[in-house]
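J.: The lines below spell out each chain.
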Amino acid sequence: MAETYTKEINVKDYPKEVLLDFYKTMAKIRKFDENLIKLMQDGKVSGFYHSGIGSEGLSAGSIRQNLRDEDYIYYNHRGCNQKIAKGVPLSKIYGDFLGTVEGTTKGLGAGIVHSADPARGVLGQAGTIGSQLGLSVGSAFASKLKKTDQVTVVYFGDGAASREMLHGSLNWAGLYKLPVIYICENNEYAISCHVSETHSIKEHIADWADGYGIPNCVVDGNDVLLMHEVVKEAVERAKRGEGPTFIEAQTFRHRGHFEGDPYDYVDVEVLQTWKDTKDPITNFAAKLMSEEIAKEEELQNLNKEIDQEIAEAIDKALAAPMPEAGRIYEGLYA
Amino acid sequence: MAETYTKEINVKDYPKEVLLDFYKTMAKIRKFDENLIKLMQDGKVSGFYHSGIGSEGLSAGSIRQNLRDEDYIYYNHRGCNQKIAKGVPLSKIYGDFLGTVEGTTKGLGAGIVHSADPARGVLGQAGTIGSQLGLSVGSAFASKLKKTDQVTVVYFGDGAASREMLHGSLNWAGLYKLPVIYICENNEYAISCHVSETHSIKEHIADWADGYGIPNCVVDGNDVLLMHEVVKEAVERAKRGEGPTFIEAQTFRHRGHFEGDPYDYVDVEVLQTWKDTKDPITNFAAKLMSEEIAKEEELQNLNKEIDQEIAEAIDKALAAPMPEAGRIYEGLYA
Amino acid sequence: MRKLTMRNALIEALNEEMERDATTVLFGEDVGKFGGINAVTKGLQEKFGADRVFDTPIAEPTIVAAAVGMAITGNVRPIPELQFGDFVGIAFDEVFNKMGKWRFMHGGQMEMPVTLRLPIGIAGGAGPEHSQSPQALFMHGPGLQIVIPSTPYDAKGLLKTAIRDNNAVLFFEHKMLYDLKGEVPEEEYLIPFGKADVKREGSDVTIIATALQVHTALQAAEELEAQGVEVEVIDPRTLAPLDMETILASVRKTGRALIVHEEPKTGGSGAEIAAQIQEGALFDLAAPIKRIGSPDVPIAQSIYLEQFYVPNKEQIIQQVNELMEY
Amino acid sequence: MRKLTMRNALIEALNEEMERDATTVLFGEDVGKFGGINAVTKGLQEKFGADRVFDTPIAEPTIVAAAVGMAITGNVRPIPELQFGDFVGIAFDEVFNKMGKWRFMHGGQMEMPVTLRLPIGIAGGAGPEHSQSPQALFMHGPGLQIVIPSTPYDAKGLLKTAIRDNNAVLFFEHKMLYDLKGEVPEEEYLIPFGKADVKREGSDVTIIATALQVHTALQAAEELEAQGVEVEVIDPRTLAPLDMETILASVRKTGRALIVHEEPKTGGSGAEIAAQIQEGALFDLAAPIKRIGSPDVPIAQSIYLEQFYVPNKEQIIQQVNELMEY
Ligand SMILES: Cc1ncc(C[n+]2csc(CCOP(=O)(O)OP(=O)(O)O)c2C)c(N)n1
Ligand SMILES: Cc1ncc(C[n+]2csc(CCOP(=O)(O)OP(=O)(O)O)c2C)c(N)n1
Ligand SMILES: [Mg+2]
Ligand SMILES: [Mg+2]
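Protein chains in written order, with the numbering used here: chain V, 385 to 718; chain W, 385 to 718; chain B, 2 to 327; chain D, 2 to 327.
Wrong hints could be hidden among the right ones.
Derived lysine-lysine pairs resembling DSSO-like cross-links, with alpha carbons at most 27 Å apart [what the hints assert, rightly or not]:
id, chain 1, residue 1, chain 2, residue 2
1, W, K490, D, K266
2, V, K490, B, K266
3, D, K34, B, K266
4, B, K196, D, K314
5, B, K196, B, K48
6, W, K528, B, K48
7, W, K531, B, K314
8, V, K561, D, K34
9, B, K176, V, K422
10, W, K528, B, K43
11, D, K182, B, K266
12, V, K700, V, K428
13, W, K586, V, K623
14, B, K314, V, K428
15, W, K530, B, K43
16, V, K586, W, K671
17, W, K428, W, K490
18, W, K530, B, K314
19, D, K196, D, K182
20, B, K176, V, K428
21, V, K586, W, K659
22, W, K531, V, K586
23, W, K530, B, K34
24, D, K34, V, K531
25, B, K34, W, K561
26, V, K586, W, K428
27, B, K314, B, K182
28, V, K586, W, K623
Note that these hints are calculated values from the structure, not bench results.
Since we're looking at a predicted model, the values are computed, not measured.
Put together the whole structure using the sequences plus the hints.
T.: Right, here's the structure in full:
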């Protein structure tokens, strides 16, 4: 049975700039998301949007200090959390929602999936959730073949974990000892269904990985430092050639599955408790202040900088033109 | 980790006719197989044939005393072991190989898969190995919905277990507590690949089932009585509404993957040891004689009866005509 | 007559058939508690219970395989849903080779009363993998009946027929039509498969269109009428079986044919229909059979670019005018 | 010139290209140690090592997905095999939506140098799920190039082109052709995609045939010549891109066209080809375009019944004669 990952963490052991970077990344992710929702409400962005608010710690913690540009990620369809943490310019992500040529797809639009930034190791994403489980073993295999120390991190939800592909993926990864890190963002729901309604598990989703002999654990995904530590260990294991790790990171959606979802299938009290007591940003800010690493004012200033950065990104994305009609005939073949 | 199923078994606890039925079934399976190979060598049967010689105990033990006509099985592509144990008339199975209208498909041919006998719970099989893993949860669901006590037994090889579908199937079966019994016929090879070359497992294939909270075990598949006992428990569990069981039954192919396979990828000594020391029929016959349940002569007589039955079945199948050309336009739709 | 949206017409059909036959079961992702992401299964779980209307894991091959496994027991009549028709690619083997062929390949000993519902079409920036119209692929798959309604009336009558049918049915619902209103009688009715509907009569040009494009064609026909061109609009309603008789009769009359669908043009249902028209009525043709489909490139996510994919009235008018030049 | 079997021509192509480019990797079920169940990868593991030529678990979606994941890193040129082309249904989403569309849907930022090999066709009683010819489905899938050789010469030249190409290629190999011998030069050569080959010239009727049917058509053409009918046989060699120019030029000359393939007739590649022929050369046609495909029913396992599926010389002769009656 999957064990819960714990570690004595002393905030003071981290350089201040690292801690502030975690904070800034999380705040940027949230503000990006809030502003995107505004753009939707203003009718400027269409399609599905699955807000990532509430799980910023998971992405910031796993990516920021652990991965380099040459490491690959397959993000999931919730928020743009992982893309932002991996450094994809905000204007480009907004461009992908607005459909302007500023987007990574140069005007095709990408919505919540299909942004890509290969130079930063962001290899894109499928519209069929969970398909990244298959691709990730291929990318990791490429690194193994080239004998680099690149790692591949694949994000997917609890719901996506029920896709048949998980089996093929875990088997390849374990068999060929591939440098893949599985991060299952378990927010307990797949659209309207609670994990308990759709998953047959011993106790945790991570238990599914156990039979493959793949090291696995469950972790509080809303604790940015814990996420950093657990992924750090997995990255080291991968780089030592010891193969994959499966991490089930627990979190919760603050908003409905997609913008427009009535979100009436969730116990309001449960939701409120998550918001009140387990917000990754609020909690981390409180810790930074209580441990006297940063004053409130410093954090406020950071927030202002981020607001500015986001406003500029949106402006830039909005200012770019829509593509010509002929855009759709470009780029099918290399 | 999957435990090895063991049980103190006293042959004397079984009625003699039950023991002889196990013996007869195994002998019939083997002789059916040997005669089919002859028909192939005579050029009367074409297509692929995957001989089931060496694993007769697995099918006879799991099916004969445990399943009724109304219980469903999805047989696998190795031998006709399960079909025979479930009672499909031999002439009909031969007919499916010979392509005469005596076959269950009335002349379409079926080869090693696609024979069906719904009245005996034999719902057919796919050409894509492992696909039965998906269908079986549907059939079991039907029984649950109708509130009958029917069980569904699904057979598949070690190789087929690596199909992605296993995940979807185990999850459904565990989630809806379906009366499914998974019998993984682990003969260590999938065509030319040893399990160790293609499977990432903690220790056993059955470990894959563990994360779903599905009771599982490993068993000597060549011990017909042990197979009977382990499946009996699983059937009882299923009938109590407690859901699926995963049984990994160990065995070995006496012949190549298909007739014509050079079979040069297997250690000859390993193969010889299996043949010499773990033949399910030889061993069971020896036990029946040493425990003085049957004399050699009695068994020889049984064998003669079987030879006769098989000869008649082949004659009947051969005597039936080939279908008319128009046969292929019949039966696409109900 | 009362008017219903296509969504409500479908809900009625499901309700009536599930009431009529206690062996029907409906399942898929979020179809139970949530009532389906397109709200087509709203209220069914409350009414028929969670045994007969249930949510499944996200596992499309297992959903379809389970439906097949239920059906062949002879005891259950499954009505599974794929949340987006695009996902039929994930369950392709189960649909194409198992649902379509299981009965035949086992000598016709079992029946396959499965109705698989698949929402399709470009609708609001859903992107390349949530906007496709994959129905043409299954014309190449023996054993699969393909239903593709364009009106609430047709949707209800065809869905009821599908559920009662003892053979596999793929039921494609264009998402842009869910809110379309149309007349639906109170009384029960069924619509047989293989019977095209002439949605508009005309003598100059035959348009064969499916799903949303039936409406675009009708709009174009109206404008063309003002120009003095009489367009006949035929909706095959089922692509398998395909009612070539009605289509050929029309083309023999008009001598001009245009096929319009949202599927990419190449390899779309229009290819087969065009091939059969020329086979059956070559010497009646005054002009080459034309086809309009979406471009042969993946569907961009941008809602702005979607307009360059969905066939539109202007394209139809232009093609008809070109046909009239012969 | 020396003669090779198509199998050996393919092995040569694999050898040469894997030697030429160290980023190529080849994998699939039993392709390594065993050399492939059709022996097309014989000797490659010994030569290039188990890192570059390896056996995989039986997991077709993962095989194709992994190939895609390798390719988009820009560091690997994968050459996966599906043991039977029929299994493409299991990996359909990975092929149709990922291999075909990943590059486009991510704005053209990655390349997809994957060559997926798929053995197809009716061959010796292999049954309904090991005998199919699924290539036509992919004509409806943007982003996929479809290669289908009929001779050792074409097979080698096309496979080499496929491997070097930076876009997705589905490479269909008819199992009945593996043992066919034909001339293959010692010197290196490549065959471009989208260039049909006129296998025989003639002035009366154009036959467009693929894979095994090219040979059946050539045999029929020989008999027809004796009857005084001059048949032109065109092998498109790639269905995507499709060389309509060559086909149209021929039909304009002959005025009569027959398309022959082993795929079921309905929805087969012949549908699209026929639709395009009449689009481009309607008024040159003296007779309706005819199509021969296998019957629209699943393929029976019986080797005896297989003869009623595979198009044969007699059928072709009869159809040509019918065309000549116009
Ligand atoms: C293969 C596939 N099936 C279904 C969907 C529709 N869908 C999109 S998101 C989603 C729920 C995903 O749940 P989960 O993986 O837990 O992620 P979450 O949305 O909770 O972050 C579903 C069913 C899809 N996109 N792809
Ligand atoms: C989906 C699928 N992939 C591949 C094959 C080809 N194939 C037939 S049997 C076989 C090996 C099966 O191995 P296993 O499941 O261990 O059964 P065994 O033959 O050892 O009894 C393979 C690869 C197939 N029929 N279906
Ligand atoms: Mg979730
Ligand atoms: Mg095996």
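J.: Each hint: holds or not?
T.: Hints, one by one, checked against the model:
| no. | hint | result |
| --- | --- | --- |
| 1 | K490/W to K266/D | 25 Å, holds |
| 2 | K490/V to K266/B | 25 Å, holds |
| 3 | K34/D to K266/B | 43 Å, violated |
| 4 | K196/B to K314/D | 36 Å, violated |
| 5 | K196/B to K48/B | 33 Å, violated |
| 6 | K528/W to K48/B | 20 Å, holds |
| 7 | K531/W to K314/B | 54 Å, violated |
| 8 | K561/V to K34/D | 20 Å, holds |
| 9 | K176/B to K422/V | 26 Å, holds |
| 10 | K528/W to K43/B | 25 Å, holds |
| 11 | K182/D to K266/B | 38 Å, violated |
| 12 | K700/V to K428/V | 14 Å, holds |
| 13 | K586/W to K623/V | 21 Å, holds |
| 14 | K314/B to K428/V | 26 Å, holds |
| 15 | K530/W to K43/B | 24 Å, holds |
| 16 | K586/V to K671/W | 40 Å, violated |
| 17 | K428/W to K490/W | 17 Å, holds |
| 18 | K530/W to K314/B | 51 Å, violated |
| 19 | K196/D to K182/D | 22 Å, holds |
| 20 | K176/B to K428/V | 22 Å, holds |
| 21 | K586/V to K659/W | 39 Å, violated |
| 22 | K531/W to K586/V | 26 Å, holds |
| 23 | K530/W to K34/B | 22 Å, holds |
| 24 | K34/D to K531/V | 23 Å, holds |
| 25 | K34/B to K561/W | 20 Å, holds |
| 26 | K586/V to K428/W | 51 Å, violated |
| 27 | K314/B to K182/B | 20 Å, holds |
| 28 | K586/V to K623/W | 21 Å, holds |
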